Amino acid sequence: MLEVRELRKSFDDLPVLRGVSLKMNKGDVTAVIGPSGGGKTTLLRCINFLEKADSGTLTFDGNTYDLSAISRRDMAAVRMKTGFVFQSFNLFSNKTALQNVTEGLIVARKMPKAQANEIAMAALRRVGLQDRAGHYPSQLSGGQQQRVAIARAMATNPEIIYFDEPTSALDPELIGEVLSAMRDLAHSGMTMLVVTHEMRFARDVSNHVIFMEDGRVVEEGPSADFFAHPQEARTRDFLRTISAEK
Amino acid sequence: MTERIWNILAESFPKILLPGLRMTLPLTVIAFALAMVIAVAVALIQFAHVRVLSPLCRFYIWVIRGTPLLVQLFVVFYGLKAGAHMSPFWAAVLVFSINEGAYCAETMRGALEGVPAGQIEAGYCVGMRYTQIMGRIVLPQALRTAFPSLSNGLISMVKDTSLAANITVAEMFMATQRINARYYEPLALYLEVAAIYLLFSTALTWLQRYGEKRLSRLGGKEARHA
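These protein sequence lines are chains A and B, in that order. All residue numbers for the first sequence refer to the working numbering, where the first residue is 1 and numbers rise by one. All residue numbers for the second sequence refer to the working numbering, where the first residue is 247 and numbers rise by one.
Just to be clear, a hint being listed does not mean it is correct.
[Said to hold, decoys possible] Chain A stretches covered by chain B per the calculated footprint, using a threshold of three residues with CB under 8 Å from any CB of chain B:
1. 80 to 87
2. 90 to 103
3. 107 to 121
It is worth saying that the hints were derived from the structure and are not from the lab. Fair warning: this is a prediction, and the values are worked out from it, not measured in the lab. Just so it is clear, CB atoms sit at the ideal spot from N, CA and C, and this is done for glycine as well.
Generate the whole structure from the sequences, applying the supplied hints.
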């Protein structure tokens, strides 16, 4: 369903992605883990064209695009079928929770307002925020804002949703509600590519894990195998450090 | 003596107020409306780093902000009048809008840049186009931020229109000068016109407060009062 091949990206002279490839099937929940600065976020941003890759291809929905030279039209076409959840939520501050969700439906997809409101309310209900529909982002907690962002991403019924460290900006006590919304989404069969530091999510919810460091994929595999029998010394080190912190 | 002054003031009041309503006010409103159009356009061009146009906008702002308004009025009215058949009023509209546009453009640009870039990215990610994101997400928030500064500009402009007397626009200040030439009561008459300017700017300050309340909805800042 989605395949990235040989993705390369440098910021000035600093290589951030040194040839990253990955493949996902429909319904996969893939967690991308690894130390900060390893290129995880840049990977997501390049795949959704928020950064322009230096080279590499993206195969999505049967079409292959050159990530370094994709046209605006193709970008827009792919984005119509993807969702993105940011670390810092990035809700539209001048729109209510409901309007944040309907914006992509009414403006980008020309859906009638009544229908869009219905879909948006259903999405807000799924993340437990139906009673916050009329609130502005500044009236919501971080966890609530992120759940609105998840509702916004899923309301357009995308083929895949990208999550860029969705809980990293949250107070510890607010992480649970966001993870549970994501777990619910995963169980509903949504294809998800999740950059995260939440090892529990990677282990329990995702079915595939990619470990990235220094712009390369060090190791990847089914979650259960990955955590039970990490093959690379570097992966073992990383997992040990992480568990020592907990 | 005192009675004479009161009579002069009473008699001159409508003679000053009328040009105020017929000249000062339309001059301000039209010029400021045009200035806003210029400002938003120039700010958007710079925000988007449009090639060729963006440096031109910088040049425009540099020249206009770096030269006196009065000199600009003289250049256009006395300098260019011969070529372009322009009434003093429209010459003043032209200069005031171009002048104010340069200042407001900088205010607007700052306000646009103040909207978190992540919201633009989020707009792209839900499938919106650049123009839709600017029109529906970024501009409304920027206008809300810029509104107090822009209102300041408007209030300044009401008073600056008195400079138009220098290019023969028969606005309030010129009317006062004419009346003073007849009665020679400069203190009383100029205080009177000052009071009328004060009246105008006070009315605009009220309007500003009302506008801010309305705009807080557009900018999504109601939370502060909730």
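According to a criterion of three or more residues whose C-beta lies within less than 8 Å of a C-beta of chain B, is the stretch 107 to 121 of chain A covered? Since three or more residues must qualify, the claim that chain B covers the stretch 107 to 121 of chain A holds, with 3 doing so at under 8 Å.
Verdict on chain B covering the stretch 90 to 103 of chain A, where coverage means 3 or more residues with a C-beta closer than 8 Å: The restraint on the stretch 90 to 103 of chain A holds, since 8 of its residues have a Cβ under 8 Å from chain B and three suffice.
Taking 8 Å as the C-beta cutoff, is the stated coverage of the stretch 80 to 87 of chain A by chain B satisfied by three or more residues? holds (count 5)
Violated hints for the displayed structure: none, as all numbered hints are satisfied.
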